[in-house]
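Protein chains in written order, with the numbering used here: chain A, 1 to 539; chain B, 1 to 249.
Keep in mind that the hints were calculated from the coordinates and are not lab data. Here a beta-carbon is modelled for each residue, glycine too, at the ideal position from N, C-alpha and C. It is possible that part of the hints are untrue.
If you want the ones that stay clear, here's a sample from chain B, every Cβ over 10 Å from chain A, calculated [what the hints assert, rightly or not]:
#1 Val31
#2 Pro94
#3 Gln102
#4 Val105
#5 Thr156
#6 Leu188
To spell it out: a stretch of chain B is covered by chain A in this simulated footprint if at least three of its residues, at any positions, have a beta carbon under 8 Å from a beta carbon of chain A; those stretches are [claimed, not checked]:
#7 59–67
#8 176–185
#9 189–197
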Amino acid sequence: MSRESMEYDVVIIGGGPSGLSTAIKLKQLDANLNVCLLEKASEIGAHILSGNVFETRALDELLPNWRELNSPIKTKVTKEKFLFLGKTKSLSWPTWLLPAVQQNHKNYIISLANLCRWLAEQAETLGVEIFPGFPASEILYNEDGSVKGVATQDMGIDKNGNKKDSFEPGIELLGKVTVFAEGCRGHLGKQLIENFELNKGKDPQQYGIGFKEIWEIDDKNHEEGLVMHTAGWPLDNNTYGGSFMYHAENKQIFLGYVIGLDYKNPYLSPYDEFQRFKTHPAIKKIIEGGKRISYGARALIEGGFQSLPKMFMPGALLVGCDAGTLNMPKIKGSHTAMKSGMIAAETINEHLKEKKDLSIYENKFKNSWLYKELYEARNVKPSFSWGLILGIIFTGIDQILFRGKLPFTLKHKHADHETLKPANQMPKIDYPKYDNVITFDKTSSVYLTGTNHADNQPVHLKLKDPDLPINYTLERFNEPAQRYCPAGVYEIQKENDINKFVINSQNCIHCKTCDIKEPSQNITWVTPEGSGGPRYGNM
Amino acid sequence: MKILVAVKRVIDYNVQIRVKEDGTGVVTDNVKMSTNPPDDNAIEEAVKIKEGGKAKEVVAITVGEEKAQETVRKALAVGADRGIHVKVDGILEPLAVSKILQKIVDKEKPDLVFMGKQAIDDDCNQTGQMLSALLNWPQATFASKIDIKDNKLEVTREIDEGLETIEINVPAIVTCDLRLNEPRYASLPNIMKAKKKPIEEIVASDLGVDVSPRLEQLKVEEPPKRKAGIKVANVAELVQKLKNEAKVI
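Isolated chain A, as found in the complex (with noise of 0.2 Å):
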C-alpha cells in the first residue's frame, strides 16, 4: 500500500504536557526546527484527565513569563486537609505531619486538559504544526532498526476491515528524532520498551487508574483553592489507593479516586470503590446538593525510579507518562513530564547540530532536578505494599527523617496483570446500588464523557485469544474486565445458557486499564479512528 509521506526535523506523538513543552522548547531552542505534533483526540485536551494541582516549576524555566499570557492556571492553593476515613468516622491529620513532597501551598489548582489548550496556542504561535484528530498507529523503522517516524491510522475502514467510499489511507511522518509522549500506557511506547528492551533491568512498571467528577456545589460548602486529600475507606488496609478533592474555580470542584492497579481481588470495582467513596459523610455533606458535570477515568504510572524504562533508541525518545516519570508520593506527573520534554528537546536540538547521540538525555536527566526528584520518592509506593498502616509508617521515615536518602531501594515485585488471586480464594464484594443522586450508573458516567466512536470501524480492542476470556478468564476470575473497565466495555452475557464476551469498545474512554490489568494481557488496546474517544471539557 503506497501511503504519502511528509518530513519534519521532529515529530511528537501526543498532545499532553510532555510533547507540548518538547515543542514549545524545540522552537525556543531554534525556530527553523520543522517541528509537528500529532493527537489523537478531536482537539488538544479531550483526552487528557488530572486531579490537578499543579506545580509550576517546570513551567517557571518554560515560560517565565506565562503570569502574563492568560494561561489557565488562576486558583492559589490556599488550604489544605488530609483525613484517615473509617466507615462513617474521619480523622484529620495536621498537614505540618505531612511530609515536604505532600505540601501544597505554592501550587494551583488547574485543569490539566485547559493547561495543555494554552500550551498548544504557546506552541502554535512558535510554529509548531499541531494535528489533532490523528492517532499515530504505527511505529516506522529505517533498515538499521533505528526509528523512522511513525504512520498515522487509516481512516473509513468499515468493522470487517474492508475500505468503506470515505477510505482515507494514513500518511507516514518522517522524523529526524521521533518523541513519543503518548502518556500512560502508550501503545506505540509500549512497543518500543519491548523492541529496544528499554525496561532491561528495570522492575515491572507499576499503575494505578485514576477517577475524576466534577462538582458544581452550593456556595456554602465551596472553599475555592481548599486541597482534600484521604486514605482509607473503602479500601482495606491492602489496597493502594485515596481520595482527591480539590475546590477551584466558579464552584466546581474537582473529586478523584486513585486505586492501585496491584489490587489481588478480582471481584474489586475500582468504579465502584469511587461511587462508594462519595457517600462517606465527610465526601457527601460537601457535595450534597451539587450537581456532577463530568466524568472521567485514566491509568496512571506509579512505579517511579525503579520502574523508569530508559528513554532514548535510535532515532527517538521517550517522553512523559509514556516512559513514566510521575512523581508518586507527590501525586504529580505534570511538571515532571513538561520537564523530561524540555530535556528531551535540549537533547535533539544538539543531537542535530552537533551530531551528538541520543544517550546524552541519560546524562542531562541524571544532572536535572527531576532525576533528584523521583529518586528521593523512590521508595514510597513500595512500602505500602506491606499495607496502609505500614507504610504510612515507613514513609513518615523514609520522607520526613530521611528525604528520600535512605540507602536502598525498595523493590517492585509484579507486574498488576499477576497480581489477581484465582476468584473462588478471594471474597465477593456487594457494592450499595446507585442513589443517582450521589452515586451513579457506569452508562450515565460515560454519558458525560462525551465519548464516540464513529460506528463501522474495528473494534480497538483487540484479544489475542478471542476464546480465553469465556474459557479461562471468566471461571478462574470471574471476568475482571466487567469491573476493572470504568466504561462498561467488557460484559459477559448469557445467550441460551452460553457465555458470550462482549467487547463495547464505542464506550471506551482510552483509559487502558485492561490492557494493563488483564491477567493474561490478552487484550491490546490499539489506536481507533481519529478523534474517536472522549471529548473531555476542563478535566
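Starting from the structure of chain A, add chain B where the hints point.
Using the frame of chain A, we list chain B on its own:
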C-alpha cells in the same frame, strides 16, 4: 458554475449540553465545537459537483465570532477553494444570517447556495428559506439527492411522507439532509494545504446589515427529568393505569 456553501460552528454533537445555572443559555466554555453536521454534507456535495466537472469554484462562508473561522478552514481542507468569514460577536438569529448571506450573494454571484437543513444548536431550520425569500430564488430543502441537469436541478427531498423529487431553476438555494452523502475525512496533507488557502474577513457592520436580535429570550431550562417506569402485573392493571393515572385512554 460557482457554489457558495454556508457553514456554522456549533457545539459538537457528542457533547452533553448543560444549561447555565442562571438560565441565560447553555454552557459553551471548555466545550468541544465542530461544524454543524449537515453543513459537512453541504460542503461534500459542492466539492463532489466540482470534482464531477460541473462547478468551477466552491466558496465556504461562515458568520460568527473569531473562532468560527475554524469551520471555514475545515471546509477548505476537504476541498473548498476559498473562504469568507463575516465576523459577528454575540447572538445571531437566522434572519440576520440570511441578510448577510444575501449581501455576500450580491457580491459573489454564485449559481447555487448550499447549507445544512438546520443547525443542531438552535434547530431553527430557517436560514435557507429566508435567504430564498430575500433573493427571490427557488429553494429545495432537505435534499438527499441532487442532480444537475443543464440549468436546472433535480432534487430529492426528505419529507414526512417519504421522498419527493422536484425540479428547480438555477440560481437556487439547497439545504442539505444528512442522507445526501458521506462527508470525507480531511487528510493531513490537505489540512496543511488548507492553511495556505485565502479566507476573506469581513466585518458585519461593513455590509450594512442590522444583526441585532429580534427575539427576546426569556429563559433556558433543562427538560423535566423522566420518571422511572413501573412494572404492572397484568393487562387489566395496565388499562386501569392508562385510564386513571396517565389519562391517555
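Hint-by-hint comparison with the structure:
no.: 1; hint: Val31; in the structure: violated (6 Å)
no.: 2; hint: Pro94; in the structure: holds (27 Å)
no.: 3; hint: Gln102; in the structure: holds (33 Å)
no.: 4; hint: Val105; in the structure: holds (31 Å)
no.: 5; hint: Thr156; in the structure: holds (19 Å)
no.: 6; hint: Leu188; in the structure: violated (5 Å)
no.: 7; hint: 59–67; in the structure: violated (count 0)
no.: 8; hint: 176–185; in the structure: holds (count 4)
no.: 9; hint: 189–197; in the structure: holds (count 3)
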